[in-house]
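Under the UniProt record's numbering, the first residue of the sequence shown is numbered 1, with each subsequent residue one higher.
None of these hints come from the bench; they were simulated from the model.
Heads up, a few of these hints could be off.
Using 27 Å as the maximum straight-line C-alpha spacing, the simulated DSS-like pairs for lysine-lysine come out as follows [as the list claims (entries may be wrong)]:
no., residue 1, residue 2
1, 168, 179
2, 114, 168
3, 168, 184
4, 179, 84
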Amino acid sequence: MSLGVVAATSGSKNNNMGSEDENEIGEKNGAPHHGDDLEVNGDKNGRAVQDASPYTTEDESEDAESKLELGPQRTLKEQLEKDKDDVSLRRWKEQLLGSVDLENVGESLDPEVKILRLSILSSDRSDIVLEIPDNGKPKGTWFTLKEGCNYRLRFTFQVSNNIVSGLKYTNTVWKTGVKVDSTKEMIGTFSPQTDPYTHEMPEEVTPSGMFARGSYSARSKVG
């Protein structure tokens, strides 16, 4: 299970969106629907073009090789019924599930995670909020951030059908086709509910210096 979220981060001393100064970094952000991966390419003037990703990252290869053999999957209702005689385990599950209406929970084994919006938060500019349409194919938007500025990513997402365990975020950044950064972080375990979840990533700093300027492409995944 995976969700692709595109996010590229870098910039220059000018934070005006849409500038074509070669000292600025153009970025494009978006999120495809469940199970898709997209990547973003930018040209030397900072214009970004969305395309299918041709890259296979080391992290993804490691993920494929390190998959664990898990027990049989069960629907949420089956899981609760199975442990109804174990008081402590039942209480833990009820605490995890919160106010989930079990009558409206689907019979699907696989949890569904849908990203509703992606926000880029920085004190150097107004927040960039990218709404993700129902078809999971947002219209790309490119933007710039000052070099050396602090920023955070905020995901707003919804979980349905079943409990999603070990949800993680991975991000890989390329410059001129060369991987320059790779990040992986565990987000947590979430139960299905009507209200969306919000999760903020730790603060990061955009690259700085003459050699850091240029066009970047990045691919992020929540899955």
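Here is what the structure says about each hint:
Annotation: proposed proximity of residue 168 to residue 179 holds, straight-line Cα distance about 20 Å (limit 27 Å). At most 27 Å may separate the alpha-carbon atoms for a hinted pair to count; residue 114 and residue 168 meet this at roughly 14 Å. For the hint pairing residue 168 with residue 184, the CA-to-CA distance comes to about 7 Å; that is within 27 Å, so the pair holds. Distance check on the hinted pair: residue 179 and residue 84 sit about 49 Å apart at the alpha-carbon level, beyond 27 Å; violated.
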